[in-house]
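> Here the structure of chain A is known, so what remains is to put chain B in place on it, guided by the hints.
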Amino acid sequence: MARIFTPKVVTANRLMQGDAVWLTANGHWSDNIRDAEFITDEATADLRMMDADTQAHLIAGVYLADAVMGDNGPEPTHFREDFRTRGPSNYAHGKQVDKVENNV
Amino acid sequence: MYKYNDFDEGFVRTRVAQFRDQVARRIDGSLTEDEFKPLRLMNGLYLQLHAYMLRVAVPYGTLNSTQMDMLAHLAETYDKGYGHFTTRQNIQYNWPELGDVPDMLSDLADVGMHAIQTSGNTIRNVTADHFAGAAADEIADPRPVAELLRQWSTDHPEFQFLPRKFKIAITGSPNDRAVTKAHDIGLRMVMQNGAAGYEVIVGGGLGRTPMIGKVITDFLPQADLLPYVEAIVSVWNRLGRRDNKYKARIKITVHEHGIDEIRRLVDARFAEIRPSFSGIDQEILTAIAEQFAAPAFKIADTKGYEAARIANPAFRSWTDTNLTQHRADGYAIVSISIKKHGATPGDATADQMRVMANLARTYGHDELRISHEQNVILPHVHKSDLPKLYTALRAADLATANIGLASDIIACPGMDYCALATARSIPVAQEIAMRFDELKIEHDIGALKIKISGCINACGHHHVGHIGILGLDRAGVENYQITLGGDHTETAAVGERAGPGFSADDIVPAIERLVLGYMDLRNSADETFLDAYRRLGVAPFKAILYPQERANAA
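Here the protein sequences line up with chains A and B, keeping their order.
Here the first sequence is numbered in the working numbering, starting from 1 and rising by one per residue.
Here the second sequence is numbered in the working numbering, starting from 1 and rising by one per residue.
No lab work stands behind these hints: they were computed from the structure.
Model, not experiment: these values are computed from the prediction.
All C-beta atoms in this analysis are idealised placements derived from N, C-alpha and C, irrespective of residue type, glycine included.
There's no promise every hint is true.
[Said to hold, decoys possible] Looking from chain B toward chain A, a few residues come up when the C-beta cut is under 8 angstroms (computed):
#, residue
1, 47
2, 97
3, 98
4, 546
Chain A extracted, bound-state conformation (with noise of 0.2 angstroms):
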């Protein structure tokens, strides 16, 4: 029987500065993951992974995240990613308060 397929986004973390980024329909790497392709086919998956794996220049870590199509795009399914949309709950330390979109 096959898999059933969950929607996904791609995502890793920024080289240099480490933080969380998402792969954008256009191959960019996005801080918002609003910005992400949502992937809902397999096929599309794996290609997008071969691609993210070509940037390693510019990230590292990469992998496929469950995600759901809200209002303004994808949103996390899981709180874990949920934490790297925004940021640690102790501080207001990391994207919750690094607003500008800084795509590499």
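Just chain B now, with coordinates in the frame of chain A:
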């Protein structure tokens, strides 16, 4: 304390240069991430949830004011103004950028520090009693031996690719403040016929399979220590499971083969390698020990201290809670709480680090320690200086009188920072501390160890907390299991799981209910939570935690 010699200096400088080149090659694409990852881990650099994390070694938790000032400089220059002290007596920086890390390591080398072997499948930073060289109950200062072990294990060619990480702890006191029974090797100094030696414990550890270590020899002469430790690691290096990382630690090896078989193999290996230890290690140890000579303790009266205790209740409360008896007359060991209610356990700002460095310089014979409980220690302070020191600590928000109390919580970084974590631990620790502060009952509760881990790896030592909390992911929701009766001391025990876990909203009320229930159950205010648990068993505590189940059963 130990000062780098020319060899140490050259070795660390060479490593910094190597790593600078490795970082440059990763950035220019000459190295892939797969090639770079083991190299960065060998230098303490992780890639975490939101950023890189650099783990800096504080060998056996000892540092001087210049080194603490440098830690502050790193926090301010390369991070967001703070650092996080860990249960391995290290410090972690949560926000460095890759290109800055070689400069950070170079700055550390300027003050005789590094990040070597703070990660990887190798012998990690050797930890020790944070009161070493000061405690009244001490047989001898364990730090010279810890330093000898550091020198022996650093870049040891046989032990750079072990089956898993390997942790050694050492204490020179019968009262174990170094958690020796939960380490791969625990060393406890003992006296036999007037000679100092070591009880050697192997196969302890926490993580997904918590185990209390077993005694492999009850007395090892001082001169045999290094070859014997090498024999243990050598035997495990050969037998350790490399097929399954979860079964790779020596505790599993000891469990699978039995302590008697491990002892036989270690004795055989020891017999093989003992002749190759010519005695130079003991000469090195003697030279190291000279550098750990006790400072020139001053002689002064303590009338001002006694008067301040009478005049200032807040000062008296702080001295009651945060001081430990020193071996020298008129002196005290000061534990500075890095656990202000509501703050992140173990975090200190750059300004606070500088304050502590200055206090060590002015009042503390230039010595500081990091405790495995994530606090900072001034090991040698004359009591006559304590009122001034307390005033300075208060001004820096460092005078919280809660050492050993309910809010003095060990908490790992959890899912707020750690890529391995399955739930958060810091907010739970913060909320528990705030709750008991609001109730104003911490001092009535008395000695209580609450320890929180954000995943099964147990960096927060929850298994050996009187009350342990383990954060897990249950179907995409944070869930917290409670363990009871754990003990990290010489009477070490692994806590027993109390029952089903609690949601993030329910865990703090559950802990409050548990502690208030204990206060009703105890014989007197002198009976600690752990004593009451050992007297009564788990049942009444379960009934407190799960009142609905009791009602349903009725």
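> Hey, does the residue 47 (chain B) contact hint survive, CB to chain A under 8 angstroms?
holds (6 angstroms)
> For the hint on residue 98 (chain B), does the least C-beta distance to chain A fall short of 8 angstroms?
holds (5 angstroms)
> Under 8 angstroms is the threshold here; is the Cβ of residue 546 (chain B) close enough to any Cβ of chain A for the hint to stand?
Because about 25 angstroms separates residue 546 (chain B) from the closest Cβ in chain A, which is outside the 8 angstroms limit, the hint is violated.
> Would the stated hint for residue 97 (chain B) survive a check requiring a Cβ distance to chain A of less than 8 angstroms?
holds (5 angstroms)
In summary, the structure is inconsistent with hint 4 from the numbered list given earlier, while agreeing with all the others.
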